[in-house]
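2 protein chains.
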Amino acid sequence: MQLPPSLRRNLPILDWATDYNRGTLTNDMLAAVIVTIMLIPQSLAYALLAGLPAEMGLYASILPLVAYAIFGTSRALAVGPVAVVSLMTAAAVGNLALQGTAEYALAAITLAFMSGAILLVMGIFRLGFLANFLSHPVIAGFITASGILIATSQLKHIAGVEAHGHNMVELLTSLAAHLADLNPITAVIGISTVAFLFWVRKGMKPLLLSLGLPPRLADTLTKAGPVFAVAATTLATWGFDLGARGVAIVGDVPKGLPPFSLPSFSPDLWGALFMSALLISIIGFVESVSVAQTLAIKKRQRIVPDQELIGLGTSNIAAALSGGYPVTGGFARSVVNYDAGAETPAAGAFTAIGILLAALFLTPLLFFLPKATLAATIIVAVLSLVDLSILRSTWNYSRVDFAAVATTIALTLLMGVEIGVSAGVILSILLFLYKTSRPHVAEVGLVPGTQHFRNILRHEVETHPEVVTLRIDESLYFANARFLEDYIYDRIACEEPIEHIVLLCSAVNEIDMSALESLEQINHRLQDLNIKLHLSEVKGPVMDKLKRSHLLDALSGEVFLSHYDAVCALTNHAEACDQQQSGDAAE
Amino acid sequence: MQLPPSLRRNLPILDWATDYNRGTLTNDMLAAVIVTIMLIPQSLAYALLAGLPAEMGLYASILPLVAYAIFGTSRALAVGPVAVVSLMTAAAVGNLALQGTAEYALAAITLAFMSGAILLVMGIFRLGFLANFLSHPVIAGFITASGILIATSQLKHIAGVEAHGHNMVELLTSLAAHLADLNPITAVIGISTVAFLFWVRKGMKPLLLSLGLPPRLADTLTKAGPVFAVAATTLATWGFDLGARGVAIVGDVPKGLPPFSLPSFSPDLWGALFMSALLISIIGFVESVSVAQTLAIKKRQRIVPDQELIGLGTSNIAAALSGGYPVTGGFARSVVNYDAGAETPAAGAFTAIGILLAALFLTPLLFFLPKATLAATIIVAVLSLVDLSILRSTWNYSRVDFAAVATTIALTLLMGVEIGVSAGVILSILLFLYKTSRPHVAEVGLVPGTQHFRNILRHEVETHPEVVTLRIDESLYFANARFLEDYIYDRIACEEPIEHIVLLCSAVNEIDMSALESLEQINHRLQDLNIKLHLSEVKGPVMDKLKRSHLLDALSGEVFLSHYDAVCALTNHAEACDQQQSGDAAE
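Line by line, the protein sequences are chains A and B.
Note that the UniProt record's numbering gives residue 318 to position 318 of the first sequence, counting from 1, and the numbers run on in steps of one.
Note that the UniProt record's numbering gives residue 186 to position 186 of the second sequence, counting from 1, and the numbers run on in steps of one.
Here chain A stands alone, though its shape is the one from the complex (with noise of 0.2 Å):
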């Protein structure tokens, strides 16, 4: 059956379910069921991180993984609940409402309803492209503090103590006040499990090898690490009756299929999460279509950005339809998945089935697991994302990056996840800004028996007073159309003959209005004092512009095809030039 193109692109699970087969469907179950294993106790994790009740964990793991599959065009993205959108979550959320009450709840499912809405918008309009706003050292630097940030607020989980904020300075100082209360069991488990789970990390794969176990089993059960740690703390807790000592355990965990619910549509609270749902939409998405572009290059398959804030948007509407949170593509899940030998979305969907299971039947045996065990799979699965060593990159590289990361990871842990990226973002754009107003303008002359033009500052090269050549290594637009003005009317204030300027346009990619606006002046200018103006190497595109303009017209000197020609024709050595230029001719 041949579908129209347009339906094909609005519903890529057209693309696949057309072919699906036999061989597709056993590739994708197994992968659902490896996956499945994986997420239950990061569900749970997630939503704890979220300060939500942990089935709305769950809840977020079934129909917006089942949306993605529609339509998504990753074949191997995993969606569902992740650490850096829990913690956005928590810090929009846990500023308007009480954790526990049903408001806190309901803004959460407002803020993905609203998140969701966004992608969608963004997807109808095409406005992918806002996310590249986003530099990689800022997105970086903001998950990597970030990841700090959340091991820090799991602390209090292990050591079963009160404590909150949005920040290092809160967390610390509220850690730090409530240290006395510290419950040693708690803490007993929390430890042990995370000494168990960075061994699983390290040391379990080769144990099992070494024991003779077949290396796809050895992968299999090291992602079930944390399970296991579920499993055994869960059990110990039910056996000592430590729920009874103190030991902070999930308790009761509604059973039954993900209720309908409906966001809130009160104006105010719009209001008040928007900017949190605009942060959490575009991180989101920065992150998921990073993780899917890696994984789709593998099998050179394409990845439709727009599309794909489509797939994410309908995620988002499903998880608050469904009683879930803010969802995005998980790095570490979509890995796994891939790994495991999904093919298509459908293993997604197959997911979903089995969180639905887990959600059906599961909860009761949720009862006694401690706290401290989520918290402890929570901080060895963030650690892994903090690295440090962006900042000396950056720093050998590039300063201005340097300050951008620098500043994002700093008010990150100082002010929170939302300044911190929203700093970082606006930093990025001012820095690049600035660097373009004030662009890198070289003098230069002819490097001798060559037809190659070098600065003179850098190289021994040929010049004549009465000829300034000069290349502008960027745009001419409006922040930097001063700037050359300046900088040529600084050229002329000397004593030199000069006749001729000539600017050399072959990085100038653009010439905006003020820029021409500029151009015309300085050819007034050197007009007066009997200068003339010539320009070399404009590009195409920009020559098409020009010649709308009066500019053309009103220049004093000529237009250059090349920067060699119009040296030879304005220096007295045209004669060599010529004859050189002939030589190449005949040959």
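These are calculated hints, taken from the structure and not from any lab test.
One or more of the hints may lead you astray.
Copies of one chain are not kept apart here, so a pair can be met inside one copy or by any two copies together.
As the list claims (entries may be wrong) - Using 16 Å as the maximum straight-line C-alpha spacing, the simulated EDC-like pairs for lysine to aspartate or glutamate come out as follows:
hint, residue 1, residue 2
1, 547, 496
2, 299, 528
3, 298, 528
4, 299, 490
5, 545, 520
6, 298, 485
7, 539, 443
8, 532, 520
9, 299, 103
10, 539, 19
11, 532, 466
12, 255, 219
13, 532, 339
14, 298, 490
With chain A held as given, fit chain B onto it using these hints.
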């Protein structure tokens, strides 16, 4: 006497005061007389426009001129109250207090002080480049829309009715509501003065010349047109006692020295005025510097923008301390000053003495001056600022610039000056970022018989299916890093036997950390597909940075000096290239 250079730089007066002689003195004094005659009615009129007592216009034209003479770098700039800044003052202060109250005047004085402080801080920290983010079309649109707003705001004085408002809708509604109160005598004075002043501009000078007057005298008399109008209407109002018949007059203007005044230091007032003060500072600075530069270049003099900030900053602080309001360099009066032969800033100081004499002795003569006359001088002055041709020229040249200018004009007219100019600046920046985030990328091929490479879509060029060569027409930075990745992944998601991708970097002026990581990703992913990534014509400064990164070590391909070298080395036509190159070398 040899002065230390740092002192000369910070006190430009030392540059010219040491060479001052009798000839310069005569020229400066003559210019000062002409500017004084022009400035008296202007100062009164602009104070009226700002909603302030007439004498504050005079006070703003005394000490500020002396301060600029000491700290400013332009030899011909004439500072004082100007139309656009007066309108902005009215808009800023009008929101806070009622016209005619002491709070209103105090707020205007505070605004001058804050604006002066902002300019000084910008000067000390060399932040003059910030003004560059006001693009030419935004300024042009803003000035035009302000001119229309100012002229409309003065119609109430011409009609002799009450009307208020800070945008066209408010002004026209208010005028329409009060039109029944129109005072016919006032309207006759207003309309005939407008007609007379327009005639002075167009018809008076030719008439005087045809009567045999020397050109210079004819010119001076023409400039004094507003003074004739002031004298004639004042006399008529006095002679026929028109004040008693409903013609609004200036009334009692205090006689004497400018008072010593202090700004308010109320944090609330500073908070309320800060954005207005910032906008006034930047717009005043941009206007002033562009006037100063126009005049300086004619004599090959230099303007130092950062020192101009100091000059204008001290002028505004001087205005605040002597009962004035925000001032800046005015276009019309500076041109008059220059044409009249002013050689040094001392001309400004002499003008200040002229205005001081007026404040001491002439104010009683202004009692019967009709406000309609002042409104007429404003209308004629500002209508010369209105130039809607910027809409047509930007439309023809660049739709992006058109969008910025149209938004600025529309919002200034409909929402007032502050929103209008802010929206223009923000939109220009967003559009620039959008443009650079989607750079022009051309797939290029060899123009037969040359070493030039051109776009395969525009030209008949030689290509090789196994070597894809891309020219990137933009610096690579965070906003377009992902765009390049997407572009390349899309390009290789095909069935062609691609072996090499060469990026031609002649127009890449910068590779930031995000773009570097994108290149590393591209390199890595292409390697998985057995495609080699090469770079060619990388600029010196960019190469310097790349050498500090890991990219060059990891790069699967090479960095070629010229794109021609790259294509020769990578295709099977290498022998032909070698031949041609050795031919070149032998030449």
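Now the hints, each set against the structure:
| no. | hint | verdict |
| --- | --- | --- |
| 1 | 547 x 496 | neither (33 Å within a copy, 38 Å between copies) |
| 2 | 299 x 528 | between (64 Å within a copy, 10 Å between copies) |
| 3 | 298 x 528 | between (62 Å within a copy, 7 Å between copies) |
| 4 | 299 x 490 | between (56 Å within a copy, 13 Å between copies) |
| 5 | 545 x 520 | within (14 Å within a copy, 35 Å between copies) |
| 6 | 298 x 485 | between (50 Å within a copy, 14 Å between copies) |
| 7 | 539 x 443 | between (20 Å within a copy, 15 Å between copies) |
| 8 | 532 x 520 | within (12 Å within a copy, 45 Å between copies) |
| 9 | 299 x 103 | neither (45 Å within a copy, 72 Å between copies) |
| 10 | 539 x 19 | neither (47 Å within a copy, 49 Å between copies) |
| 11 | 532 x 466 | within (11 Å within a copy, 46 Å between copies) |
| 12 | 255 x 219 | neither (31 Å within a copy, 94 Å between copies) |
| 13 | 532 x 339 | neither (66 Å within a copy, 26 Å between copies) |
| 14 | 298 x 490 | between (54 Å within a copy, 13 Å between copies) |
The earlier numbered hints that this structure contradicts are 1, 9, 10, 12 and 13.
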